[in-house]
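Please put together the full structure from these sequences, using the hints given.
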Amino acid sequence: MTSNPFNDPGLAKRHRKARRFRRTTQLSIAVTMSFLLFFLFDMGRTAYPALWQAYVEVEITYSKAATRFTSMAVGKDYRPLVSRAWLRNIPKKIEADPSLMDTTQTQWVLATAQVDQYMKEHHNTLKPDEAVQVEALREQGKVALHWNTRFFSRGDSKIPEYAGILSAIVGSVLTLIVTMALAFPLGVMTAVYLEEFARDNWFTRFVEVNINNLASIPSILFGLLGLSVFINLFGLPRSSPLVGGMTLALMTLPIIIVSARAALRSVPASIRQAGYGLGLTRQNIVKDHVLPVAMPGVLTGSIIGLAQAMGETAPLIIIGMIAFIPDAPGSFTEAATVLPAQVFTWSGMPERAFVEKTAAGIMVILLVMMTLNAAAIYLRKKYEIKW
Amino acid sequence: MFQTDTRKKPLFRKENLTVAALLLASTLSIITTIGILFSILFQAIEFFKLQSFWTFITGTEWYVGHNKSVFGAVPIFAGTFMITAIALLVAIPVGLGNAIYLSEYAGKKTRNTLKPMLEILAGIPTVVYGFFAALTVAPAIVELFELIGIEAAYNSALACGLVMGVMIVPVITSLSDDVLRAVPGSQRNASFALGMTHSETIRHIILPSAVPGIISASLLGFSKAIGETMIVVMAAGLRPNLTWNPLEDMTTVTVRIVDSLVGDQAFDSPYTLSAFALGLVLFVITLVLNMISLVQIRKFKKKYQINSL
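From first to last, the protein sequence lines are chains A and B.
Take the first sequence: its position 221, counting from 1, is numbered 221 in my numbering, and each next residue is one higher.
Take the second sequence: its position 247, counting from 1, is numbered 247 in my numbering, and each next residue is one higher.
Be aware that one or more of the hints could be misleading.
As the list claims (entries may be wrong) - Computed, partial: chain B to chain A, Cβ under 8 Å: (1) T33; (2) I36; (3) L261.
If you're looking for bench data, these hints aren't it; they were derived computationally from the structure.
Computed from a predicted model, the values in this text were never measured in an experiment.
Where a beta carbon is used, it is the ideal one built from N, C-alpha and C, also for glycine.
In structure tokens:
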């Protein structure tokens, strides 16, 4: 009997080994993906209660006494339940509408964070008799969780039930306007120079090495640059969207340059040669024929850069954008804070009620980031040209 | 019949202007690098005028007081490397496993779903990871070790390192994936033709070829971990602590930088200036890592004559 020369007695073992190896790599991707899902779930679960806020229905007496000592507006029993921050607005309300003076109205009023946390069954410092009172009011339907519009329409506050995210959103928008206004044109110009005009000499190589390095320098060092150059040397206002935007622009620049170069490189040479054949100058070819074709790629890269700049925190902390900002900034030079910095500030607050606010702020960041990334992917898919 | 373009001269002059403007824009990246280097260097020199460089590099005590301060940065470096090491122990195996799965086993459809998910993971801001580390991971670790009777700190190096590892996974995954896919198909086919199984091909042929690229990816992850700020600011300790125990709190270079710059101390006090000395160390280390990483990837590209990557 002739033995099969191809028979390998260890073959079954080798195949088992191969399967085991394959399973190991599958396990690693499964671990990564389940982390992502668990993480999103955990954040969403923590953030969800922030969409609701406790309100109490009480009688508010608008009187002269109430304009001086705002807590006088509420009956004594209800005082520990009603938000002090809300009551502070009573004089302003009377000023806006004088007919309110000396009237008593039954209103839904913002409750304190402790009542809010009690209603959500989180840890709270409500006294036992207060808890009984809240329980009784809840049965009468006089305490309830309402949809929390305040969170999206108000600025920051040290009082948890009053804190909102609007000032941080406005700050982020202003900062990112500065970032993109600087980084987009400068990044595209650099990419055009390197791809279309530059000769292969020491200067070009030096620029390339620098771009590569900038892309991987820790972000906090950009903060040190912003602090010593923009603030201390140029004397620009600290904590302002202007300085923040300029610092972030330097960080976003390499991302835009790299993606714009890739987009320009993918434009076939025949387009340029056709242009030369028609007697166009290089400038015309690039401006009217190469750049428009490469634009979707350039925009995709810029959106990804924008999404990264939006989430960046460390350099902005260094240049002081973690200031307490109760009102939305109105200009590029006013002190402002940004979304991730607001999240950072809230995460350091001792009150339990800030935990859900922090998570809600994070969900806002993640939603904006995912929308931007989805837009980038859509752009890439829709305008991708296969030559 | 053909007319000469009389505008020729001004047209070219205009082009020269454009090129000059573009050239100017591209010098910005050089200016930024030099700006970062000098803004850190000058303040660091001020610091070393006040404090001894030797103590800074070799001293094991970091103490800031009203009258007397000692700036020995060894405990800070140790904390940084401990957390970074934990992060890399998580990120390199998982990242490499992901890359092998994506480049070798996954079908096109699986790839197209997994890639965007990895992009989401890569895009999560570090402040979010920091919150996650402090709120979820650190207490879980404390409880876990309590079960076996070991006490862990709420701001342990382990919690920071684990979360930081997750943060670096997408970096190492996507770079290694690119590298593995760039290994020429002829090598794979030759191995299959000799009767090697898929896993043998990967382990003995593809991975060895891709080693420079994988080293490059890991070094990039390393430099990202060292420079990472928000996770450690939110979840690591403030106290410089020289220990081998990852369950204790440790501090890092970036934490000290943030801590000394957000305080209300005078800008020229040694405490504030120490941030720049630490920043200089960070700059030099990441620069060296990036350079080695670039050289490695260039080596890989040269060996297989790859133009992309």
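Structure versus earlier hints, numbers of those that do not hold, lowest first:
none
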